[in-house]
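Use the sequences and the hints to build the structure in full.
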Amino acid sequence: MINHTVATLIHGLSEKQFSSEELTRAFLDRIASLNGSLNSFITVDPDHAIASARKADAERAAGNAPALAGVPIAHKDIFCTAGIKTSCGSRMLDNFVPPYDATLIKRFQAHGCVMLGKTNMDEFAMGSSNENSFYGPALNPWDTHCVPGGSSGGSAAAVAARMAPAATGTDTGGSIRQPAAFCGITGLKPTYGRVSRLGMVAFASSLDQAGPMARTAEDCALLLNVMAGHDAGDSTSATESVPDYTASLENSLEGLRIGLPTQFFGAGLDAQTGACIDEALKVLEQRGAILKEVSLPHSDLTIPTYYIVAPAEASTNLSRFDGVRYGYRCEDPVDLHDLYTRTREEGFGDEVKRRILVGTYALSAGYYDAYYRKAQQARRLIRQDFLDCFEDVDIIAGPTTPGPAFALGAKSDDPVSMYLEDVYTLAANLAGLPGMSVPAGLVDGKPVGLQLIGQHFGESALLNAAHQFQLATDWHLKQPQLDSGEVS
Amino acid sequence: MSIEQSDIQSIAELARIRVSDDQLEAVTERIQSILSMVDQLQAADTANVEPMANPLDATARLRADEVTETNQREAFQAIAPAVENGLYLVPKVIE
Numbered sequence: 001m002i003n004h005t006v007a008t009l010i011h012g013l014s015e016k017q018f019s020s021e022e023l024t025r026a027f028l029d030r031i032a033s034l035n036g037s038l039n040s041f042i043t044v045d046p047d048h049a050i051a052s053a054r055k056a057d058a059e060r061a062a063g064n065a066p067a068l069a070g071v072p073i074a075h076k077d078i079f080c081t082a083g084i085k086t087s088c089g090s091r092m093l094d095n096f097v098p099p100y101d102a103t104l105i106k107r108f109q110a111h112g113c114v115m116l117g118k119t120n121m122d123e124f125a126m127g128s129s130n131e132n133s134f135y136g137p138a139l140n141p142w143d144t145h146c147v148p149g150g151s152s153g154g155s156a157a158a159v160a161a162r163m164a165p166a167a168t169g170t171d172t173g174g175s176i177r178q179p180a181a182f183c184g185i186t187g188l189k190p191t192y193g194r195v196s197r198l199g200m201v202a203f204a205s206s207l208d209q210a211g212p213m214a215r216t217a218e219d220c221a222l223l224l225n226v227m228a229g230h231d232a233g234d235s236t237s238a239t240e241s242v243p244d245y246t247a248s249l250e251n252s253l254e255g256l257r258i259g260l261p262t263q264f265f266g267a268g269l270d271a272q273t274g275a276c277i278d279e280a281l282k283v284l285e286q287r288g289a290i291l292k293e294v295s296l297p298h299s300d301l302t303i304p305t306y307y308i309v310a311p312a313e314a315s316t317n318l319s320r321f322d323g324v325r326y327g328y329r330c331e332d333p334v335d336l337h338d339l340y341t342r343t344r345e346e347g348f349g350d351e352v353k354r355r356i357l358v359g360t361y362a363l364s365a366g367y368y369d370a371y372y373r374k375a376q377q378a379r380r381l382i383r384q385d386f387l388d389c390f391e392d393v394d395i396i397a398g399p400t401t402p403g404p405a406f407a408l409g410a411k412s413d414d415p416v417s418m419y420l421e422d423v424y425t426l427a428a429n430l431a432g433l434p435g436m437s438v439p440a441g442l443v444d445g446k447p448v449g450l451q452l453i454g455q456h457f458g459e460s461a462l463l464n465a466a467h468q469f470q471l472a473t474d475w476h477l478k479q480p481q482l483d484s485g486e487v488s
Numbered sequence: 001m002s003i004e005q006s007d008i009q010s011i012a013e014l015a016r017i018r019v020s021d022d023q024l025e026a027v028t029e030r031i032q033s034i035l036s037m038v039d040q041l042q043a044a045d046t047a048n049v050e051p052m053a054n055p056l057d058a059t060a061r062l063r064a065d066e067v068t069e070t071n072q073r074e075a076f077q078a079i080a081p082a083v084e085n086g087l088y089l090v091p092k093v094i095e
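Residue numbers (this note's numbering), protein chains in the order written: chain R, 1 to 488; chain V, 1 to 95.
Since the hints were derived computationally from the structure, they do not count as laboratory data.
All C-beta atoms in this analysis are idealised placements derived from N, C-alpha and C, irrespective of residue type, glycine included.
Just so you know, nobody snuck in bad clues.
Just the calculated beta-carbon pair ranges, DEER-fashion: (1) V/S2 <-> R/G445: 38 to 46 Å; (2) R/F265 <-> V/F76: 48 to 56 Å; (3) R/R325 <-> V/T59: 27 to 35 Å; (4) R/T8 <-> V/A26: 47 to 55 Å; (5) V/V83 <-> R/P46: 28 to 36 Å; (6) R/A32 <-> V/E4: 50 to 58 Å.
Put into structure tokens, the structure is as follows:
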């Protein structure tokens, strides 16, 4: 039962092959047996999950259930859930029980989905390895000495280890795509503004975007149908109409023009990972796509631009954590200044504090023009490179990451080497474009991902290409060998 | 750009984050390495390029000036670290 995709679960539930309660219990059992070693979940609430499952079963029995009723799903612990702890991977929010649900959570509830639990993540979504979580890192199910990626590492690991059929994630600079690649699953970061940010703890508001993480492109399409749409409560929520993302999955790729940026295939890309990507591109070519070399001439500005824009926005967003209204408060503050400074010293982890300090510096008087304004100008150049490419091609393809998952601790002492992990994913966030990672091979037994980047609101084209790729390959069906044995 | 420990102390003060004396050297070193990396940007030619704050060039929408939220004072007070009589408590500010 736990090896089903969302699509086959919907079929099984509607054909009464199993109930949502049976299904939910099977995943809760799987979580109980594996989470102690993999640390994918921060919070699991079995009573809440079973109650939701029974409600979905009753709706199905009454014949008035939405399509996804009874499908279990895990949510990244960045989405506010009324009455259930939402930590964002931080000591600062370790005691935070939100009084309201995020719009995304409400949408999944309205579609009858069952929340299994809240997944582990880098603190405030800042990180590429999950090692910045206050709760300790989630581990990669393919090799538990390796990181699952980040920041949505718990979600990726949970789906890979069959603890959930699908999960939500958020992606500010690669936080859906990179862990999806490292854990051998399929993940989609939609266009900026496509999915509501209301109730999603803010990191960098002009970059943050929520999206689905699942085994297949078809499942991502089913989930995006639930997630996407305008929300008056989010001032940057897009008003563009939402298509049925499953409707175009079966389209032929005949004539699809795929751009390959030379900058994504140069020095820095691991040779074996590059070979997997080359093979994946041949598959797309065999299905009718036309491969064309393109150039993103401002690629070398991507990392410095991102590491000014994101920390600057983070320093502003995270100023709300003051120890007064909710969250952590230091003990025995002597005065208000001590309350603020010690609460924030003790409540935030090292990487979060570093980014707040860098962002504060970049926004401070005398440095604003040299850093923040300069980065906003470079950001426009980076976006223009993509818009120029899309004059000639329909989508862009390349590797998601420079290589497969790295060992725990390998980069945690050097923030800049960790930042370089995001070299291929950051640009889609800066330009606001949708991006996907699709399983494309194994290197030394560890998965690597093919990245697809689309035009603004071009999610359908990405899902179509990814689905057609998955019809021709079986990388998305591979599963990690865990101590409790392979799932049949 | 070279950054001194005194610069870190003033940024930390602006950000209201205490950096203890024994951490100051390590924090300065790591912030310096990040700033050295982002300084690559200084070489970029951005003359006459309009800064971009939103990837879709969207601006904040206006809505009708109507009350849409209900009062949830009880719920919000319930999750605060220290409250009394409907007020949020902080250390004494004025003697």
